[in-house]
Each structure stands twice: as C-alpha cells, then as structure tokens.
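Each residue of the sequence shown is one higher than the one before, counting from 1 in our numbering.
Hints were generated in silico from the structure; no laboratory data involved.
Okay, the calculated beta carbon distance ranges per label pair:
(1) F83 to K13: 30 to 40 Å
(2) Y111 to R71: 39 to 49 Å
(3) Q115 to E56: 32 to 42 Å
(4) L176 to W138: 30 to 40 Å
(5) V9 to Q195: 19 to 29 Å
(6) P86 to A59: 29 to 39 Å
(7) L97 to G175: 23 to 33 Å
(8) F91 to L150: 16 to 26 Å
(9) R139 to K53: 22 to 32 Å
(10) F91 to A137: 26 to 36 Å
(11) H8 to L35: 37 to 47 Å
(12) P86 to G165: 20 to 30 Å
Simulated pairs of lysine-lysine, DSS-like, Cα-Cα distance not exceeding 27 Å:
(13) K72 to K194
(14) K53 to K68
(15) K13 to K68
(16) K61 to K13
(17) K53 to K13
(18) K14 to K68
(19) K152 to K194
(20) K14 to K194
(21) K14 to K61
(22) K3 to K13
(23) K194 to K53
(24) K196 to K53
(25) K14 to K53
(26) K72 to K14
(27) K3 to K53
(28) K194 to K143
(29) K13 to K196
(30) K143 to K196
(31) K194 to K13
(32) K72 to K143
(33) K14 to K3
(34) K61 to K72
(35) K61 to K194
(36) K194 to K68
(37) K196 to K14
Using N, Cα and C, we set each Cβ at its ideal position, and we do this for glycine too.
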Amino acid sequence: MNKLVDLHVSIGKKGLLLFLLHCYWLLFTLFGLVLFGLLPATNAVYELCNDEKYQEANAIKLFQSFAKSFRKNFWRMNRLGLFILPLAALFSIDLMLMRHYVFTEADTTVYLLIQLLIVISLLFLANLFWFFQHERAWRPMLKKSLILMLGKPGLTGQIFVLMVGISCCYYLLPGLFFVFGVTPLVYFQLNLFKQKDAYVFLPKKKHTTV
1 MNKLVDLHVS
11 IGKKGLLLFL
21 LHCYWLLFTL
31 FGLVLFGLLP
41 ATNAVYELCN
51 DEKYQEANAI
61 KLFQSFAKSF
71 RKNFWRMNRL
81 GLFILPLAAL
91 FSIDLMLMRH
101 YVFTEADTTV
111 YLLIQLLIVI
121 SLLFLANLFW
131 FFQHERAWRP
141 MLKKSLILML
151 GKPGLTGQIF
161 VLMVGISCCY
171 YLLPGLFFVF
181 GVTPLVYFQL
191 NLFKQKDAYV
201 FLPKKKHTTV
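Make a model of the complete structure from these sequences and hints.
Right under this line is the structure:
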C-alpha cells in the first residue's frame, strides 16, 4: 500500500514539474515575441529537466532558474535559430501542401520523402538541444548530434516512437497539450539518453546525470 502511495506521489511531483515548466515555457516564449523566445525557452526546459537538483524545486525557485537560463542563452539560441529556420520553412510548406494540394502518384513519392526529411530533422534537432547543454563550440555540437542519431539507431528509433506516442496522445486528448506541451518529450528523451548511455558522447568534465 505504501509503495502505491509513493508511486502516486512521485507521479504527481513529476506531473507538477512538467506542468510548471510548460507554463514558464509559454510565458517566456511570449516574452520573446514567440520568434525570439521559442528556442531559449525550449532550451531552458532541457536544462532544468537535465539537472537532478530541479526535480524537487518549488515553483519560485524553478521560475528563477528558468529565467536565468533564458537570459544566459538567449542570443546563442537565436543564432542556432538561423540553422533551424530552413526546417521551419520546410515544415510550413508541408502543412500548406497537406491542406490545399491534390497529389498524383509521383507527387506522393516526393511528399513522403519530404516527410522523411522532416522526421530526420526533428530527431537531429532533439539531439542538438541536448548537446547544447554540454558543448560550447558549434562544430562538435552538430557533429555529435549527427553521430548520435546514426550511431545509435536503437535509441533514435525509441525517440521516434516517443515522438509518435506523445503526438497520438495529444491528438486523442488535445487538452493535454495545453497542460504539458513539449515537456514530456524532453523529460522522457533525457531519460532514454541516460538508459542507453548516450553520455559517452559528452566531454568527461561536463558529464551530468538526469
């Protein structure tokens, strides 16, 4: 009975953590006028989920830490946005095609290739956000993100399944998205990295645990 109670308490604490992080993510994304706030706010979610000391933090301390991370990485994350911009443009074009274009058989092949490119880009981006916590130079950050994606196909496949699973949950229960947003994906991705020893790709002096 005690174990069941402890499990419920643990789930409640994790749920509250993800909810608070989502609220702060929304607030700081809007504070950055969306375009300039989205990436620094998302990075702050990664940073706080990646550090054990924030797992039990109260709302005020969590907010202060979120704001500190947002300010510290604001300009650096927006420079990363120049790299991500083509992906965002591709995704926007993809949505427009889905809504307004009638596909022929040949067009469908091209469209599926675009879908595959978007999936690969999202998987690469998930790795990139993680390496951003541990690397300062851009070249090793980009290189290791690619190596991790290709060098650990099992882990990459699990992250893909995680993305699809969370997307399906949000599709079936759209209200959950407004409660948790991107935070479950970040939290479970970081736990997968821990279980699959993705930390071998990190500099030893910056090795941390989830």
